[in-house]
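One line per chain: the protein sequences are A and B, in this order.
Number 212 in my numbering belongs to position 212 of the first sequence; there are no gaps in the numbering.
Number 121 in my numbering belongs to position 121 of the second sequence; there are no gaps in the numbering.
Calculated from the structure, these hints are not laboratory results.
All C-beta atoms in this analysis are idealised placements derived from N, C-alpha and C, irrespective of residue type, glycine included.
Each hint should be verified, as a subset may be incorrect.
So the derived list for chain A, only partly shown, Cβ under 8 Å to chain B, looks like this [as the list claims (entries may be wrong)]: (1) E92; (2) Y130; (3) D131; (4) T132; (5) E259; (6) R320; (7) Y327.
Which bits of chain B does chain A cover? Going by a derived footprint, with three or more residues having C-beta under 8 Å, they are [as the list claims (entries may be wrong)]: (8) 93-107; (9) 179-185; (10) 212-222; (11) 259-272; (12) 279-289; (13) 301-307.
The lines below spell out each chain.
2 protein chains.
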Amino acid sequence: MSTTSDDIHEPTMSTDTNADADDESASKCGASTSDTDTESSGSKCGAPSSETSDDSSSDDDSNEQEVGATIEDFDAEPGQLIAVGLGPGHPEGMTKRAKDALLEADHIVGYTTYIELIPDEITEQADDIYDTPMCGEVSRTEESIDRTLAGNDVAIVGSGDPNVYALAGLALEILESKGATASMVDFEVVPGVPAAQSCAARLGAPLVNDTVSVSLSDHLVPMPEIESRLHSVASENFTITIYNPWSRKRRDNFEKCCEILLTHREPDTPVGIVHGAGREDEQVMITELGELEELGESEIIDMTTTIVVGTEDTYVWDDRMVTPRGYETKYDY
Amino acid sequence: MSTTSDDIHEPTMSTDTNADADDESASKCGASTSDTDTESSGSKCGAPSSETSDDSSSDDDSNEQEVGATIEDFDAEPGQLIAVGLGPGHPEGMTKRAKDALLEADHIVGYTTYIELIPDEITEQADDIYDTPMCGEVSRTEESIDRTLAGNDVAIVGSGDPNVYALAGLALEILESKGATASMVDFEVVPGVPAAQSCAARLGAPLVNDTVSVSLSDHLVPMPEIESRLHSVASENFTITIYNPWSRKRRDNFEKCCEILLTHREPDTPVGIVHGAGREDEQVMITELGELEELGESEIIDMTTTIVVGTEDTYVWDDRMVTPRGYETKYDY
């Protein structure tokens with residue numbers, strides 16, 4: 001039995017709009033792609049001119065991926081750096097704290113698709129918006145740090161939550177590599193609603209018990225490690241949220257994942273699929289584990305999709321996916 | 001080495017304020033506690049009078065925990081039922097959608113501590129607020145459904161996200177037991193920022209890779225099952241967020257958890273502890289796994305605390321906990 005809880009619409013956007021899926025940006029460009037933002041780092045943020053010339057930096061010459069300016073290159077009193085989670089991708093899904101943080105920032109930095117999710121009333125307040133297309137998350141994060149060290153209050157944004165496959169960690173790693181500290185820029189993370197939560201809400205109540213998140217992107221984590229994690233959690237009664245499930249280059253990962261899940265769970269285990277939660281191209285489907293692999297080739301599953309795999313207790317009722325918390329063992333209702 | 005990233009303040013509140021920890025409400029009262037809210041179900045919601053008398057219902061006589069009114073007892077056109085996640089517990093952590101849903105509701109239903117987190121400007125707009133202290137989540141959820149079936153638009157609220165150890169599933173289960181459907185009440189879940197995200201934000205960037213959530217409450221899940229889950233995820237490189245870590249009645253669960261984690265991870269594995277994230281009694285500490293068990297007896301760890309256990313790659317830098325996503329293997333910075 002396969003239920004569809006919403007009509008499936010033709011996707012209207014083909015860009016990467018997956019909440020929390022920043023690593024995909026990298027995976028589509030590959031580590032070997034030259035980081036075209038590196039040279040602008042400094043030039044837009046007011047760093048000393050010795051760092052802003054295109055070719056004078058020895059770092060730039062030796063490796064385009066290396067960090068340019070360090071803390072030594074900035075004379076200004078640093079501003080504040082805030083990593084802001086926008087939530088599912090519509091303005092109503094943003095917290096008030098996230099909105100306030102964006103309104104207070106001098107500069108807002110992010111992936112173009114995420115910047116476009118921010119209401120104009122907010123972006124119009126900023127002195128500058130720095131957005132780059134896919135493939136630039138390392139240079140974009142460095143840019144946000146350089147601008148902060150140059151004295152600006154900067155918000156770096158992403159959809160979902162900054163802690164879910166996203167940029168909070170990268171910001172701290174790059175700060176350290178520049179000889180700066182988190183305290184120096186009063187680093188703050190403003191949490192947002194992660195894709196797992198946005199998608200679960202559209203599906204009903206699939207996640208009310210112990211749960212795990214696994215990304216199928218092997219750009220930054222080797223596939224054998226991902227496979228081992230899937231085996232370990234599929235054999236226990238966790239719900240499993242799968243991020244970055246499918247791309248043309250990762251068909252095999254998705255197939256392998258389905259195969260592993262089926263070695264531990266029944267083919268009729270409920271599975272929820274949400275594409276572009278809360279956005280124009282949203283699609284929601286509730287199906288069964290045995291049907292999942294063949295859906296990999298359909299348009300509902302791509303890198304903007306989040307998949308929730310139920311437990312042995314999860315059931316589908318009235319087009320909702322329900323994982324009981326266990327109250328029925330204690331109460332009579 | 002043990003670092004404390006914030007001063008530890010004397011807690012000013014002793015009530016259960018843990019985001020997403022509704023099951024604790026039940027655990028402190030026990031299944032045998034009589035559900036004193038049951039009789040008020042119907043009487044406050046405008047259900048037909050045959051259901052509102054204190055003793056005339058055979059259900060009430062036979063078992064105080066049983067559901068009272070069913071769909072047959074209501075003549076009205078049902079209203080809408082929305083499960084709203086308030087996020088971490090301060091008004092700034094709420095999404096705009098959550099605020100709007102509360103403003104549109106005729107009735108707002110929730111645990112007293114959560115209702116108190118809602119700004120007056122919102123609660124003053126409602127026709128009625130129904131709040132009960134701890135121990136009443138089943139009857140409270142039933143009350144919200146009865147009020148909806150009686151024709152009111154009802155918001156049932158909790159902190160964190162309705163899908164994280166919370167009431168979204170219970171609402172669907174009780175709807176079904178009453179012979180109603182989710183579609184009939186246009187059931188909607190408004191997601192919120194879960195405690196794992198609020199706490200991770202205070203700690204830095206501990207959760208940017210694959211992650212799991214485990215509750216140590218054995219009120220609704222048997223302890224051997226919880227132990228088995230801890231073993232399976234601790235042996236893989238997941239970050240682990242622990243909900244409901246400690247209560248006087250569950251000292252053993254906490255000790256057992258620490259013991260299991262130490263069989264798989266080094267004693268110097270970073271651990272973040274956040275008590276009452278974003279609230280007046282917030283306390284944040286970064287310590288090591290080997291120190292965790294003895295902290296169980298200190299005031300920073302109780303049922304309002306969330307604990308984040310790092311992976312073998314997690315490190316502490318400048319009082320922040322960082323789990324690298326893996327960019328450093330691809331980029332030079």
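Each hint tested on the structure:
| no. | hint | result |
| --- | --- | --- |
| 1 | E92 | holds, 4 Å |
| 2 | Y130 | violated, 18 Å |
| 3 | D131 | violated, 20 Å |
| 4 | T132 | violated, 15 Å |
| 5 | E259 | violated, 18 Å |
| 6 | R320 | holds, 5 Å |
| 7 | Y327 | holds, 6 Å |
| 8 | 93-107 | holds (count 7) |
| 9 | 179-185 | holds (count 3) |
| 10 | 212-222 | holds (count 7) |
| 11 | 259-272 | violated (count 0) |
| 12 | 279-289 | violated (count 0) |
| 13 | 301-307 | violated (count 0) |
In the structure shown, a violation is registered for the earlier hints numbered 2, 3, 4, 5, 11, 12, 13, in ascending order.
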